[in-house]
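Asks: Sequence:
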Amino acid sequence: MREYMSNATFTVAENDALVRTVYSHAAVTPELVLFSRPVGEQWVDVTAAEFEQLVTGVAKGLIASGVQPGDRVILLSATRFEWTLFDFAIWAAGAASVPVYDSSSAEQIAWIVEDSGATVAIVETAEHARAFDVRTVRALQIEDGAVDALLSAGRELDDDVVRQRVDAIRAGDLASLVYTSGTTGRPKGCILTHRNFLSEVRGILSASIAEVAKPDNRMLTFLPLAHVLARAVSLAMFEAGGIQAHWSNFGTIVGQFARFRPNTILGVPRVFEKVRDAAAQSASDGGAVKKAVFAFAESTAVEYSEALDEGGPSMLLRLKHLVADRLVYAKLRAVLGGECWWAISGGGALMPRLGHFYRGLGVPIYEGYGLTESTAAHCVNIPGAQKIGSVGQPLGGNAVRIAADGEIELAGGVVFDGYWRNEQATADAFDGDWLRTGDLGELDDDGFLTITGRKKDLLVTAGGKNVSPGPLEDRMRSHALVSQAVVVGDARPFIGALITVDPEEFRRWRTAHGRADDVTIADLRADPELLADLQRVVDDANSTVSHTEAIKKFVVLARDLTEADGELTATLKIKRNVVSARFAEDIDALYR
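Numbering-wise (UniProt numbering), the sequence shown opens with residue 1 and increments by one.
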């Protein structure tokens, strides 16, 4: 059994709590800018002293409204400054936050309310508020003045009431109930303590990647803060005293990169793919010469990055890289704001070629790995210790091992205390002190972890061949034309795939191939040219596996998979049981 551990260079005291940093910042550096809020076309700074006053004032309002120590408070909102404000205020009141994605259905919300026992909810909009039963939950709307209402409600209370609540918190107390995405059933509430979060935050800040998390350095937070990864990195930036801004509209995020000029970007692979694809499409639209220049620059970036791992680039490659930098890379760095040192990617597999591309153009992406149950990142690549294609080594205080059947198991201060009110699921999740992840992986001699698949997703063909669908799907999704890919073939004679076409890319494809503007994807499911382009995507994915594991046939679905239709989780993971049942006829057609 292969195992690797990284020693901790930090400690978490028994009376430590996440919210204490609010007060230490205000006491030591009251004028330190911690946030920039978008107001019109401007960014308005929020200092440590101002944030402490807001947190204390809102916490007093929560206390005046009846929130008791240990209570669970729902927090349902898109990413915005108030999300973070309420997170800290809930802790300052001695309570625990229960993040809920703003895209969650009424049924999902009802289950989380029932399971968590929450009686108070902070929501963003009136639409969100309507999802709650007013007989059991009091919902306060951010867009209807929730902050001002709570400041007013708690005005008569002394600040010492909050200080007493804060002083009573212990590291082992519940900080947050974070519900899993529910790919295989009802979401389960992960019990994450202040110690879990502090182990995560201090693990990040004790690694070289924390060089960017310093006062005056900037991060733009745009992933949903209900996702534990975005929240953990945001908390690390806060503890380090960096400046954060929030933005929730993915459609306009690139414009905000240029506006805020972040020094670091936290994203998922699709964000980085979109930036690369947009640049490639722009070059293609500019004619044959610009298309050729981009192709040259991309291949040079990849070659240059690969050479960094193999003794360094040659003089000729350095010259090519210099030319490509002036022609392409500088423009791409400008798209990311022009001052981005590096990016962090999580939530899915980053294709190695894309990783080499970004490192080659001067914005390395450090890929990590973790679960909600491990309070976000457990392993991560960092400056000075990166192997593209892997998810890095364990952060300080963490250990990873590979079980006899190939399953990844984790240990360390970030590993959760168990599932809320679910003793059986908790027992099933552990092998002694080790968390069973359900993921399959390999661990090299240097402690770098590589994900190879998902244990529960393994397909066994009628011929007895075990196939992990994840790597094939990730490879297909990395192509601009593909939105989602679902590999099938369990108990079938061969491996097949369901493919959905990216709606935005389809519009460009339709124009380029002379199809009418009113033609839909459903109309062109059998179009020979579209199928030929998708076959090249499948061939590329097949080049990474053996012949028996390769996709033999695929079908184009008439529409994309969506969260609204229950086929994807809020973090865009595929609900295989739902997809398999809903598209059973399409799957059967592959084997006729």
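There may be inaccurate statements among the hints.
[Claimed, not checked] Dumping the calculated DSS-like pairs for lysine-lysine here, alpha-carbon to alpha-carbon at most 30 Å: (1) K331 <-> K465; (2) K320 <-> K274; (3) K320 <-> K291; (4) K214 <-> K291; (5) K552 <-> K573; (6) K291 <-> K465; (7) K573 <-> K455; (8) K274 <-> K291.
[What the hints assert, rightly or not] Computed Cβ-Cβ distance ranges for the label pairs, DEER-style: (9) T450 <-> E156: 23 to 33 Å; (10) A106 <-> D173: 28 to 38 Å; (11) E585 <-> A288: 21 to 31 Å; (12) R333 <-> G287: 19 to 29 Å.
Please keep in mind that the hints were generated in silico from the structure rather than gathered at the bench. Nothing here was measured: the structure is a model prediction, and the numbers come from that model. All residues carry an ideal CB built from backbone N, CA and C; glycine is no exception.
Asks: None of the hints should be skipped; say for each whether it holds.
Replies: Here is what the structure says about each hint:
Only pairs whose Cα atoms come within 30 Å are accepted, and K331 paired with K465 is rejected, the gap being roughly 46 Å. At most 30 Å may separate the alpha-carbon atoms for a hinted pair to count; K320 and K274 meet this at roughly 25 Å. The straight-line distance between the Cα atoms of K320 and K291 is roughly 17 Å, inside the 30 Å bound, and the hint therefore holds. A hinted pair counts as satisfied when its Cα atoms are at most 30 Å apart, and K214 with K291 does not qualify at roughly 39 Å.
The hinted pair formed by K552 and K573 meets the criterion: a straight-line CA distance of about 24 Å does not exceed 30 Å. With a C-alpha separation of about 41 Å, the suggested pairing of K291 with K465 is violated against the 30 Å cut-off. Annotation: proposed proximity of K573 to K455 holds, straight-line Cα distance about 15 Å (limit 30 Å). Between K274 and K291 the alpha-carbon distance is near 17 Å, which keeps this suggested pair within the 30 Å criterion.
Range check, T450 to E156: about 58 Å between beta-carbon atoms, so the 23 to 33 Å window is missed. At about 31 Å, the CB distance of A106 to D173 agrees with the hint of 28 to 38 Å. In this structure the hint that E585 and A288 lie 21 to 31 Å apart at CB is violated, the actual value being about 43 Å. Taken as a hint, the range 19 to 29 Å holds for the pair R333 and G287, whose Cβ atoms sit roughly 23 Å apart.
Hint violations for this structure: numbers 1, 4, 6, 9, 11, all remaining hints satisfied.
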